[in-house]
Each structure stands twice: as structure tokens, then as C-alpha cells.
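Asker: One line per chain: the protein sequences are X and W, in this order.
For the first sequence, this note's numbering begins at 1 and goes up steadily by one.
For the second sequence, this note's numbering begins at 1 and goes up steadily by one.
Hints should not be assumed to be uniformly reliable.
Think about it this way: if two alpha-carbon atoms lie no more than 25 Å apart in a straight line, the pair counts; the simulated DSS-like pairs of lysine-lysine are [as the list claims (entries may be wrong)]: (1) 241(X) <-> 197(W); (2) 130(X) <-> 245(W); (3) 130(W) <-> 197(W); (4) 241(X) <-> 255(W); (5) 63(W) <-> 187(X); (6) 277(W) <-> 249(X); (7) 277(X) <-> 255(W); (8) 241(W) <-> 130(X); (9) 273(X) <-> 249(W); (10) 277(W) <-> 241(X); (11) 241(W) <-> 245(X); (12) 245(W) <-> 245(X); (13) 203(W) <-> 63(X); (14) 130(X) <-> 249(W); (15) 255(X) <-> 255(W); (16) 197(W) <-> 249(X); (17) 273(X) <-> 245(W); (18) 245(X) <-> 130(W); (19) 245(X) <-> 255(W); (20) 255(X) <-> 277(W); (21) 273(X) <-> 130(W); (22) 245(X) <-> 249(W); (23) 203(W) <-> 273(X); (24) 273(W) <-> 255(X); (25) 245(X) <-> 277(W); (26) 245(W) <-> 241(X); (27) 63(W) <-> 203(X); (28) 130(W) <-> 249(X).
Honestly, the hints are just simulated from the structure, not real lab data.
All figures in this text were calculated on a predicted structure; none of them were measured in a lab.
2 protein chains.
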Amino acid sequence: MGGDHAPRIVIEGAHIARGQFPSARFIVFGDETQIRPIVAEYAGLADVLEIRHTPDRVTAEDKPGQVLRTGRNSSMRLAIDAVAKGEADCVVSAGNTGALMAMAKFSLKVMPGIHRPAIATFLPTRIAGKGTVLLDLGANAECDPYNLLEFAVLGGVFSRETFGIAQPQIGILNIGSEAMKGSELVKESAELLSKAKLPGIYKGFAEGDDIGTGAFDVIVTDGFTGNVTLKTIEGTARLIKGMVKEALKSSWMVKLGLLLALPGLLLCYRPMKTFSKRIDPRYYNGASLLGLKGLCIKSHGGTDGIGFSNAIGVAAGLTANKFNAKVEAELQRLGADALRPAAAAEAPARLAGEEG
Amino acid sequence: MGGDHAPRIVIEGAHIARGQFPSARFIVFGDETQIRPIVAEYAGLADVLEIRHTPDRVTAEDKPGQVLRTGRNSSMRLAIDAVAKGEADCVVSAGNTGALMAMAKFSLKVMPGIHRPAIATFLPTRIAGKGTVLLDLGANAECDPYNLLEFAVLGGVFSRETFGIAQPQIGILNIGSEAMKGSELVKESAELLSKAKLPGIYKGFAEGDDIGTGAFDVIVTDGFTGNVTLKTIEGTARLIKGMVKEALKSSWMVKLGLLLALPGLLLCYRPMKTFSKRIDPRYYNGASLLGLKGLCIKSHGGTDGIGFSNAIGVAAGLTANKFNAKVEAELQRLGADALRPAAAAEAPARLAGEEG
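The task is simple: from the sequences and hints, build the whole structure.
Answerer: And the structure:
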């Protein structure tokens, strides 16, 4: 198992998730001698958690193409295979993203009707309890309009099933809201989406600053723009947090001031806690690789037990909502060739990073 | 003159900027009957500010192609023409971006050696006083590698002249730092930039979360990605600010707590003020349209007098540093054909939004 702090965060995450999802069962793949003592720290966890020993693992440096050939006994591959075989409902990994995508696609296979799987996540908005689904976040660096149409279907079902929104408002990320603005890709995609029968309503172009307002339930974009956007959001939040910390550390006068302010600030504890939870990236951890025949969730590599438990939560949610069955039903409703007519056949699908 | 709150913010901005740049002189184009009474509110401003009356103006809805034909007497066009004629050193506008770009390009002309002008701005980083220059922010929705090379030259000189960095670290925005990651555009651009003689050092790929760290002095990208990135930064900052406000308004208990905390918080006033200035978008207002024979600064349409004065500050800085002469010297040093060999001639340059 991967991630910067594995296996501890994985076991801790399972322990925390168990509180929220009492019926969840876990199969953990990795080095048993490392995993068993950590599991023993949590009373009762061993009853719901099976360890499958495998010494092989995928490292952060491994190239996707290479692990496809040589990583057949890695913990990542065996975990994915468990989903392919029906032993598990969903795989959750904090390991190498490129390797996870390549192996998941190879082992789980792409859904009929979908040509490119996409990575999706939900992002916080001004409206409490409402997230905007953004995809693709980097599975496909280059896309054509039919890819964006598929993303709209996947994202629409994701929004409906996860947030209970009957008719998600779907947008295409662009550099302006007027029809004439943007690249050829977004203009052609807009034409396609405005005519398609979507699981939701095509609302038009969304701009970068529309992501946090909640005006759109789903925003689709190519994997290049989506990845840059996601990392820009993370970087901006980190920058502001760092600036606040720096300001509060700057002098003895400030420290004295904060000490004097403490009793008053304690009365503000609850909303401040709610606020810090709303912008804490751990609570948005767990990006979903959508469009495969099995469910696969990617956790941030640098997260902790709380973060990993949230990725497990995303997995539990998609499983409970029968996400894949809902997408299949949606594709059937649209008709087999709806998303990509034979005339618009694309080059063989490639996952970003597969070149290695 | 344009912008949501013109002409007041323009006059106010000139008044504020005058404090910082005592030798600055202003020519204001617009409706004299509106402008004159506002100028009269500021003692002595009339001595350094000339009003040129013109009733015609470009609106936010006007299409760039249309104003090129019909807007010859608009305040925006006459202001740009004043730079073209050498009556002014730089034009600053809070009006319609597409119209400003189209008219500036038409009237000021592109510099020899540059094929596409780019919009650049500097963004705050963790390192106080150090900004990262990001370009293109939307002038060119679709780019080829030679465009990114030109942006690297423009951005490198911008960073050197504005921040005094002798060897700016230049990066290409991408979805990973490894060479195999990303779109064809960034891979080919990386090859080109790593071989070129730049006004700085090509450091490699930058990711979205590298923008705020200060690890790069210049980050180049196509105008589509750059525009989405800039607006995502603005949207994220606004989202966090909104969430803090909401948390602090949430109950009487919080209001009481803040009241009790007030004396202590007053001791923290200075660093909190510094912090809020560091993330205040008004202090980053003023995007530069680089690569034209004259200087042109675009202010945010929705800014206030302080924001507009900062856009004037950017104009004053580029003028004082003889930015265009420095770029010309740099292009000469690189050799006439350095940025785009004849074999790689591109389709005629188009500005985004020019279609209308």
C-alpha cells in the first residue's frame, strides 16, 4: 500500500470510517508484519479487517507502463483485482496516481459506452453542504468534445447520487461566459452538450471563479485544465493559511493580544471550528476514477487518517448509491451511440502518464 | 472611459497615484461634464490632469471586431491613440477587455520579433515582497510552443525590471513536474525553453500549487489555462473570505466573543492589516498587455479608486523602467529569428474575442 504515511494512515482511516459506516468490511493489501501491530492498536478492528500479505509495492517513482508489466503482485494491483473479482466493492489507494489509473483501467476495464474514464472530486462552495463536482482532474491531458460529453454524464450522475440533486446544473469551464469565448474544444463541447439528453441541465460556460459559488453542480473540463485548477485551489488555500499563521506569529505584541483575546475567542470556537473544517482539504479527500466497471478512489498521498477515512467515505457512498448501475442505466437511456457516434471515433484511449 | 464605477474610480485612482508618483501627469478621456466636477473635489488635481472630452464610449457588451470599426472616437480608442502618438506613455483602462486588446493591438502594433501579445500580472506568494509573474491570462486562448517562448521572454524581462531579479526562474504550467507529464504543447514548449537563451533560467514545470510558493518568478501558460487559473485564485480567496465572514456572523455568542476579544485583537491590528493587504486583490490590480509597441494596462472592471491607483502604479513602473526598450534589447540579443524560425510560421495572429 502506498502514500507518504502508509500503512498507518490506511489503518487509522479504516478505524475512523468504521464509526461512520458500521457495516463496512476491509481487505488490506501490504506487508503483514507492518500492518498487524497497527491493527491491534484499535479494539475490534481485526474483526472487520482482513490482511492479505504481499511484500511487493508500487513506489511513487514507478512509471505506469512499467508497473502494468512488472507490478502484478503489488499491493495496489491485488487490491484492484479484488474489485475486478467481486471480492470488494471499491478500492481506495493513496499511492502513485498514474500507476493506479493505468492498473485500474487495465484490470477493471472501461464501461461500455464510455471511452475515457475521468477523475472527479467535489469542491467546497459558499453554500454549506453543497459541493461542486469538477472533472476531469488529470486522467486525460488532451480531450475532444465527446470526452467532455461523457464527463458531463458521469459528473451529472455523481452529483445526483452524492448530493441528491434531481437536475444538476452542468457547466463547461471556460474563460468567459459568452458563446464566442474560448478554445475550439469548449465551443464545440458547448454545442454538443446543449443538444444532449444529460442527467441534468446544461447551463453554459463556467469561469474559474464560479467554482466556489455553488452556481454550478457539475463543471467539466479537460484533464489538463482540471488538474491545474484543482492544484491552484489547494495552493491558494495553503497560501492564505500560511499568511495568516505568519501574521499571528509576527511579534510579542500579537502574542499578548491573542492571549488577552482568548476568552472572547473561545465563545467563537464552534463557528471557527466549522469554518476550518469547511476549508480543510482532508474533508474533500478522495477523488473518484469514474467510468470503469469497478469503483476506484484515489486518496491524496500526503493525507492523514482523517483524510483517508474521508476517501473511504466517498467509496462507501458510491457503493451504497450503486453509482455504476446508475451510470449504466443513464447510458442505456441515452442510447448506445449517444455519446460518440461511430463517425467520431477517437484514437485509442490513453491514460495520462502511461507513456512511461 | 469604462469599468463598473467610472469615471469616479479613475479620477480617485489618479488622485491616489499622484501621492506615490508626484511627477505623473494624466490625460483623461470621457464625458467632460461628468469628469470635471469629480476632479474639482481633489485640490490641485486639475493642475496635473487634462480632460479630453468625448461622448463616445465602448460598453461591456460591445464586440471587439465591431468597436474596431465603429469605435474610432470612443474614449478607449482615443486614449490608446494618445500612446500611439507619443502624447502619453501608457494607457490604463477598466473597460471591456476584448475591445481594449483588439484596439491596442490595432493602434499600437505588435513589437518586431513578437507574434502574440500576452496579458501578464504578478500574484502574491509566501515570500513578502516577491510576486510570481503569470502569463498569458487570456489574450490567446490557443497557443503553440513558440508563443510560450515569447511569453517567457516578456515575463522574464517583466520580472527583472519590476522586482529587480537578475535571473528570474522561469517555469511552464503543467500537471506534473516529470518530463513525461502533460499535453503535447507543454512537452514541446519545455524542449524549446530549455534550449533558448532566456532573460532568466528555465527551471522546469510548475504545478498549480507552485504559484503561491514563490519557487518560480515567472510561469508561462496558454491564455486559456492562465485565465482559468487567475479566476480560480480570485474565486478561492473570495470563497474563504466569505466563509470567515459567515462564521463570524453566525450567532450572538460569537458577536459577544468578538466584543470581549476586541482589546486583545487591537494589539494584533498591524499584522492583520498587513495580511489583509497582502491578499487584497486591489493591490494586485493592473494586468499588463505585453509585446506591443506601446504600454497598455487593464484594470479590473469592478475595482475602486485604490485598485485603479495600483493599475496606474503598474503603468508608472513599466514606464520608469523603460520596459519596452528592455524587451527590444533582449530580442536583439537573442537574434531576430530566435523566437520563431521562419519554418514555424504561425497562422495570422488573432486576439481572443476578436471573432465578434
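Asker: Decide, hint by hint, whether the structure agrees.
Answerer: Consistency of the hints with the structure:
{"no.": "1", "hint": "241(X) <-> 197(W)", "verdict": "37 Å, violated"}
{"no.": "2", "hint": "130(X) <-> 245(W)", "verdict": "18 Å, holds"}
{"no.": "3", "hint": "130(W) <-> 197(W)", "verdict": "24 Å, holds"}
{"no.": "4", "hint": "241(X) <-> 255(W)", "verdict": "23 Å, holds"}
{"no.": "5", "hint": "63(W) <-> 187(X)", "verdict": "17 Å, holds"}
{"no.": "6", "hint": "277(W) <-> 249(X)", "verdict": "17 Å, holds"}
{"no.": "7", "hint": "277(X) <-> 255(W)", "verdict": "21 Å, holds"}
{"no.": "8", "hint": "241(W) <-> 130(X)", "verdict": "17 Å, holds"}
{"no.": "9", "hint": "273(X) <-> 249(W)", "verdict": "14 Å, holds"}
{"no.": "10", "hint": "277(W) <-> 241(X)", "verdict": "15 Å, holds"}
{"no.": "11", "hint": "241(W) <-> 245(X)", "verdict": "16 Å, holds"}
{"no.": "12", "hint": "245(W) <-> 245(X)", "verdict": "18 Å, holds"}
{"no.": "13", "hint": "203(W) <-> 63(X)", "verdict": "23 Å, holds"}
{"no.": "14", "hint": "130(X) <-> 249(W)", "verdict": "20 Å, holds"}
{"no.": "15", "hint": "255(X) <-> 255(W)", "verdict": "22 Å, holds"}
{"no.": "16", "hint": "197(W) <-> 249(X)", "verdict": "42 Å, violated"}
{"no.": "17", "hint": "273(X) <-> 245(W)", "verdict": "14 Å, holds"}
{"no.": "18", "hint": "245(X) <-> 130(W)", "verdict": "18 Å, holds"}
{"no.": "19", "hint": "245(X) <-> 255(W)", "verdict": "23 Å, holds"}
{"no.": "20", "hint": "255(X) <-> 277(W)", "verdict": "21 Å, holds"}
{"no.": "21", "hint": "273(X) <-> 130(W)", "verdict": "32 Å, violated"}
{"no.": "22", "hint": "245(X) <-> 249(W)", "verdict": "22 Å, holds"}
{"no.": "23", "hint": "203(W) <-> 273(X)", "verdict": "40 Å, violated"}
{"no.": "24", "hint": "273(W) <-> 255(X)", "verdict": "16 Å, holds"}
{"no.": "25", "hint": "245(X) <-> 277(W)", "verdict": "15 Å, holds"}
{"no.": "26", "hint": "245(W) <-> 241(X)", "verdict": "16 Å, holds"}
{"no.": "27", "hint": "63(W) <-> 203(X)", "verdict": "22 Å, holds"}
{"no.": "28", "hint": "130(W) <-> 249(X)", "verdict": "20 Å, holds"}
Of the numbered hints listed earlier, those contradicted by the structure are 1, 16, 21 and 23.
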